[in-house]
Amino acid sequence: MTVADVVKERVQIPLAVEGLSAERIAYLEGLVGQARTAAAVFSQFTQEDVDRIVKPMVLAGLAQAQYLARLAVEETRLGVLEDKVIKNMVASEFVYNYVKDKRTVGVIREIPERNLIEMAEPIGVLFSLTPITNPTSTVLFKCIMAIKTRNAVIFSPHPKAWHCCAEAVRIMYEAAVKHGAPEGVFTCIESPTLPDNAYLMKHKDIGLIDATGGPGVVKAAYSSGKPALGVGAGNTPVYLEKTADVNTAVVDIIVSKTFDNGTICASEQTVVIDDEIYDAVLKKFADLGAHICNEKETKLLERTVIDPETGFMQPMAVGQKAADIARFVGLKVKPDTKLLIAPIAGVGRQHPLSVEKLFPVLAVYRAKSVAEALRVCVDVNHAGGIGHTAVVFSRNEEVIRKFGEVINAGRIIVNSPGSIGALGAVYNDLVPTFSFGCGTGGGNSTTDNVNVFHYLNIKRVARRTQNHMWFRVPNQIYFNMNAVENLRQFPSLSTIIVTSPLLEQIGHVDIVRRHICPKTQVHVQVIPDAEPEVKVIALGVEALNFYKADQIIALGGGSVIDAAKIMKLKYESPEADLEYLAAPFLDLRKRVARYPTEKANQARLIAISTTSGTGSEVTPFAVLTDKESGRKVTLADYSLTPDVAIVDPQFVMTMPKGLTADTGIDCLTHALEAGVSNYASPYTDSNAMQAIRLVFKYLPIAYEHPRDEEARCMMHNAACIAAMAFSNASVGVNHALAHAFGARFGVAHGRANALMLPHVIAYNAAVPSKFMPSPYTKGYTAHKKYATVADLLSLGGHTVDEKVKNLIAATEQLLDQLGFPRSIAELGISKEEFERAVPELARIAFEDPSWRSNPRMPLMTELVELFWKAYEGRAAPKVASTVEHTTV
Amino acid sequence: MNAVFLNIDEARVVAALREAGEKLDGSEGEAVLDMASVGRIDSGAVRALEELARVADEKSVKIVLREVNVDVYKVLKLMKLTGRFSFVN
Numbered sequence: 001m002t003v004a005d006v007v008k009e010r011v012q013i014p015l016a017v018e019g020l021s022a023e024r025i026a027y028l029e030g031l032v033g034q035a036r037t038a039a040a041v042f043s044q045f046t047q048e049d050v051d052r053i054v055k056p057m058v059l060a061g062l063a064q065a066q067y068l069a070r071l072a073v074e075e076t077r078l079g080v081l082e083d084k085v086i087k088n089m090v091a092s093e094f095v096y097n098y099v100k101d102k103r104t105v106g107v108i109r110e111i112p113e114r115n116l117i118e119m120a121e122p123i124g125v126l127f128s129l130t131p132i133t134n135p136t137s138t139v140l141f142k143c144i145m146a147i148k149t150r151n152a153v154i155f156s157p158h159p160k161a162w163h164c165c166a167e168a169v170r171i172m173y174e175a176a177v178k179h180g181a182p183e184g185v186f187t188c189i190e191s192p193t194l195p196d197n198a199y200l201m202k203h204k205d206i207g208l209i210d211a212t213g214g215p216g217v218v219k220a221a222y223s224s225g226k227p228a229l230g231v232g233a234g235n236t237p238v239y240l241e242k243t244a245d246v247n248t249a250v251v252d253i254i255v256s257k258t259f260d261n262g263t264i265c266a267s268e269q270t271v272v273i274d275d276e277i278y279d280a281v282l283k284k285f286a287d288l289g290a291h292i293c294n295e296k297e298t299k300l301l302e303r304t305v306i307d308p309e310t311g312f313m314q315p316m317a318v319g320q321k322a323a324d325i326a327r328f329v330g331l332k333v334k335p336d337t338k339l340l341i342a343p344i345a346g347v348g349r350q351h352p353l354s355v356e357k358l359f360p361v362l363a364v365y366r367a368k369s370v371a372e373a374l375r376v377c378v379d380v381n382h383a384g385g386i387g388h389t390a391v392v393f394s395r396n397e398e399v400i401r402k403f404g405e406v407i408n409a410g411r412i413i414v415n416s417p418g419s420i421g422a423l424g425a426v427y428n429d430l431v432p433t434f435s436f437g438c439g440t441g442g443g444n445s446t447t448d449n450v451n452v453f454h455y456l457n458i459k460r461v462a463r464r465t466q467n468h469m470w471f472r473v474p475n476q477i478y479f480n481m482n483a484v485e486n487l488r489q490f491p492s493l494s495t496i497i498v499t500s501p502l503l504e505q506i507g508h509v510d511i512v513r514r515h516i517c518p519k520t521q522v523h524v525q526v527i528p529d530a531e532p533e534v535k536v537i538a539l540g541v542e543a544l545n546f547y548k549a550d551q552i553i554a555l556g557g558g559s560v561i562d563a564a565k566i567m568k569l570k571y572e573s574p575e576a577d578l579e580y581l582a583a584p585f586l587d588l589r590k591r592v593a594r595y596p597t598e599k600a601n602q603a604r605l606i607a608i609s610t611t612s613g614t615g616s617e618v619t620p621f622a623v624l625t626d627k628e629s630g631r632k633v634t635l636a637d638y639s640l641t642p643d644v645a646i647v648d649p650q651f652v653m654t655m656p657k658g659l660t661a662d663t664g665i666d667c668l669t670h671a672l673e674a675g676v677s678n679y680a681s682p683y684t685d686s687n688a689m690q691a692i693r694l695v696f697k698y699l700p701i702a703y704e705h706p707r708d709e710e711a712r713c714m715m716h717n718a719a720c721i722a723a724m725a726f727s728n729a730s731v732g733v734n735h736a737l738a739h740a741f742g743a744r745f746g747v748a749h750g751r752a753n754a755l756m757l758p759h760v761i762a763y764n765a766a767v768p769s770k771f772m773p774s775p776y777t778k779g780y781t782a783h784k785k786y787a788t789v790a791d792l793l794s795l796g797g798h799t800v801d802e803k804v805k806n807l808i809a810a811t812e813q814l815l816d817q818l819g820f821p822r823s824i825a826e827l828g829i830s831k832e833e834f835e836r837a838v839p840e841l842a843r844i845a846f847e848d849p850s851w852r853s854n855p856r857m858p859l860m861t862e863l864v865e866l867f868w869k870a871y872e873g874r875a876a877p878k879v880a881s882t883v884e885h886t887t888v
Numbered sequence: 001m002n003a004v005f006l007n008i009d010e011a012r013v014v015a016a017l018r019e020a021g022e023k024l025d026g027s028e029g030e031a032v033l034d035m036a037s038v039g040r041i042d043s044g045a046v047r048a049l050e051e052l053a054r055v056a057d058e059k060s061v062k063i064v065l066r067e068v069n070v071d072v073y074k075v076l077k078l079m080k081l082t083g084r085f086s087f088v089n
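Going down the list, the protein sequences come from chains P and H. Residues 1 to 888 in my numbering are what the first sequence spells out, letter by letter. Residues 1 to 89 in my numbering are what the second sequence spells out, letter by letter.
What the hints contain is simulated information worked out from the structure, not anything from laboratory work. It is possible that part of the hints are untrue.
In the EDC-like style, the derived pairs of lysine to aspartate or glutamate whose C-alpha atoms are separated by at most 16 Å in a straight line are [what the hints assert, rightly or not]:
1) P:K627 / P:E542
2) P:K368 / P:D448
3) P:K535 / P:E397
4) P:K178 / H:D34
5) P:K570 / P:D587
6) H:K80 / P:D205
7) P:K402 / P:E356
8) H:K77 / P:E372
9) P:K160 / P:E190
10) P:K102 / P:E190
11) H:K74 / P:E190
12) H:K77 / P:D205
13) P:K548 / P:E531
14) P:K102 / P:E174
15) P:K784 / P:E802
Label pairs and their in silico Cβ distance ranges [stated by the list, open to error]:
16) H:R40 / P:L586: 46 to 52 Å
17) P:K160 / H:G29: 55 to 61 Å
18) H:E58 / P:E118: 42 to 48 Å
19) P:V251 / H:R40: 38 to 44 Å
20) H:D9 / P:K590: 53 to 59 Å
21) H:R40 / P:H163: 31 to 37 Å
22) P:E48 / H:S37: 19 to 25 Å
23) P:Y780 / H:R12: 32 to 38 Å
24) P:I458 / H:E58: 56 to 62 Å
25) P:L194 / H:E58: 58 to 64 Å
26) H:D9 / P:T781: 20 to 26 Å
We put the CB at the ideal spot given by N, CA and C, even for glycine.
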């Protein structure tokens, strides 16, 4: 295989391999192969296995902390030996304390209340770049994390810290393998080069790049096209506010900024000090060993330690002692000077010392106010430190909170040292790390302190949850003949009867008046018996306010009751925005538009229905018409449900035959659709089934013998019972089709439902071309539920298919008995006119929320097909067993 | 078509796989290795399996691994070795 072949096969993204010989590529491939095998073998390990390996590794790290620190200082010539020892110990001991009890294999977290389990999946092979500033501690940290998470790592240390890092890798590797880790789990590239890094960063077997280092390394990692954790430069602003404990603050800043000669990228860079304490703070710094530079010294310092070309710090100053830097610059300072402090007057290129300085030189700024101080801190934060670290010293909680709000930093350290504070687990409860996520502002994918969980793919095992369902109906329902007498038990000072002119004319209002609690002031608000209209609602609300009503009695069909519901809503919550409340929703519990709960007025709503169909007396729905805009809005919320429903058949004894049939079939459609709805529950099923049984038995009688009291009573009950079912289970595609068709051709709602019904039963009973997602149902059951209905009606049939066919036949026979047209064509609508209308009808039906609970998700083409089936109509019933012969 | 049947003992997986490789002489159509007792494999076993697959290819012998547990199967999957063997239960 040629080099080109190897590159083509192994590297996902074509890249130039300039500088890489065939031997070098073979060498790198060998490292990857070794790591890949180790990672694969590692995947079999248990939590106990990895924990058994981690502990001796940590002990090895602790035992060799001083040795590795010495190697690092000797090789890099950066930092402080004693501090590097501490860093190595923190990287071992503190990190171990954080990870030792963490589950990182198999199930790592169980959340029973959410039916969720989180499980760990290793990444595989990590390619890890380590910095010159914290070389061995970073290696120790990453090795412990990798073993804990069952990953293999190929290390590419900074070339100027290679030996100490390679030694750290060796110590960790030997400890790990001795205690059972797969061979090849850690490797360290010999004499790594930029082409090596480029090759591995794009290698298909590398799962994650973990790049800790300068901006170039981080950018290369993120540009590779591989998942990467890239953590780079900072520029930590510090606000030393006037209420702070100055002694603590100054010591903390010195501790932090001099720690390892300032090589930790979270260390303090510019301290913004309130004017009131500025002089005292500088004096304190000076007393404790800092040298405060005068203007001339500051100029000298900035010219030397900051590159005038780039504006970045000079590498030669990184990790050097303050006294050495001073000597190099030409400043006269005491030999034991800990820190050079340079006052600056602003932030940016004109103020070179306002940038990141990984050495013990600290800029200070005198702020005249909190506002100015915060502004300067924001400037520092944005001068190369976005997402990294910031520090505030204050006793003023408001200042601390404001600082947290305006500064964009993954770590905002309060009243403690920045560098050691950011490392975590020493001064605070941050997760211990040697890798600081800087968020998107810093070009990183996280703001976290990088830890074991960034070395894992976390899988979530989500079990099906049993969503809570509901069954909500009015508190009180009174039914059967003369149920209206129950009005007496409801005390009221002022009652408004909302009704229609016809009902007032035929004496129904008088009946109601007779039964209202004595001494109640009664006012009758007559509205046109049509759809509730904006102006009508406004007049009603005006009357409610005028009479200070405490009770509303809605006497009428669905329109009147809907109007009363909306009047009550606007009366109780005058600010309610009906357009807003009508916003569409998918799940009632997650809806965006919430109905008002605070009420300016309160009135009881008693609904007395005078038709046996809509069931509006128990539903949470109301339709509002805006004639001016020609729009209808549907309001739906359980707060709209009447408080009391009275289902008294005396008010329907005079219903005309046509209305009896239309409303009766509307009732049947409600029950059938609620029965097969995806929101159906045993509670709604019992209502739906009972309503269906009552309709099949009593509707033909009520139709043929309107004065039959029992039939009227049972149909009135059926409408209410069906409404209780669909109030909680909703309706389906039949209603969506009927709404669109009825509105376009001016066909009564019940009649429109009737034209669709047999076709919709057949449609829902068939295997869906598209299933409707539904957490509430298990499997597809619509056909079986129709069969159950057929059984309930004793329609016969041995198989589900036969039973469904018999139900369709029985429904068709019932429609025939009630004199419904068998097709849309029979209504006199020409084929051409219908053909023109169908695309728009299908579009409107698809927008109708009614079908959202339908068991089968209707496709647009299927809606068109259903419309055409309804147009062409149904044949004569063929079923052997009919409702006439049925005992129910 | 002749077949070779071998049990792979977890205590000596690498040696057993090597022996299996040596037994392949091309006269058998397939070799069935019973892995039922192998709960886990190490890097050496992975390398031995890679070698066995190579030898089997050369000698046109089909290697059937029997009763491979899913953890071991996943190691083979991660090593992209599953395509080189047949698996039976």
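Okay, the hints, checked on the actual structure:
no., hint, verdict
1, P:K627 / P:E542, "violated (19 Å)"
2, P:K368 / P:D448, "violated (34 Å)"
3, P:K535 / P:E397, "violated (54 Å)"
4, P:K178 / H:D34, "violated (30 Å)"
5, P:K570 / P:D587, "violated (24 Å)"
6, H:K80 / P:D205, "holds (11 Å)"
7, P:K402 / P:E356, "violated (23 Å)"
8, H:K77 / P:E372, "violated (60 Å)"
9, P:K160 / P:E190, "holds (12 Å)"
10, P:K102 / P:E190, "violated (33 Å)"
11, H:K74 / P:E190, "violated (31 Å)"
12, H:K77 / P:D205, "holds (13 Å)"
13, P:K548 / P:E531, "violated (25 Å)"
14, P:K102 / P:E174, "violated (23 Å)"
15, P:K784 / P:E802, "holds (11 Å)"
16, H:R40 / P:L586: 46 to 52 Å, "holds (48 Å)"
17, P:K160 / H:G29: 55 to 61 Å, "holds (59 Å)"
18, H:E58 / P:E118: 42 to 48 Å, "holds (46 Å)"
19, P:V251 / H:R40: 38 to 44 Å, "violated (54 Å)"
20, H:D9 / P:K590: 53 to 59 Å, "holds (58 Å)"
21, H:R40 / P:H163: 31 to 37 Å, "holds (36 Å)"
22, P:E48 / H:S37: 19 to 25 Å, "holds (22 Å)"
23, P:Y780 / H:R12: 32 to 38 Å, "violated (54 Å)"
24, P:I458 / H:E58: 56 to 62 Å, "violated (43 Å)"
25, P:L194 / H:E58: 58 to 64 Å, "violated (40 Å)"
26, H:D9 / P:T781: 20 to 26 Å, "violated (53 Å)"
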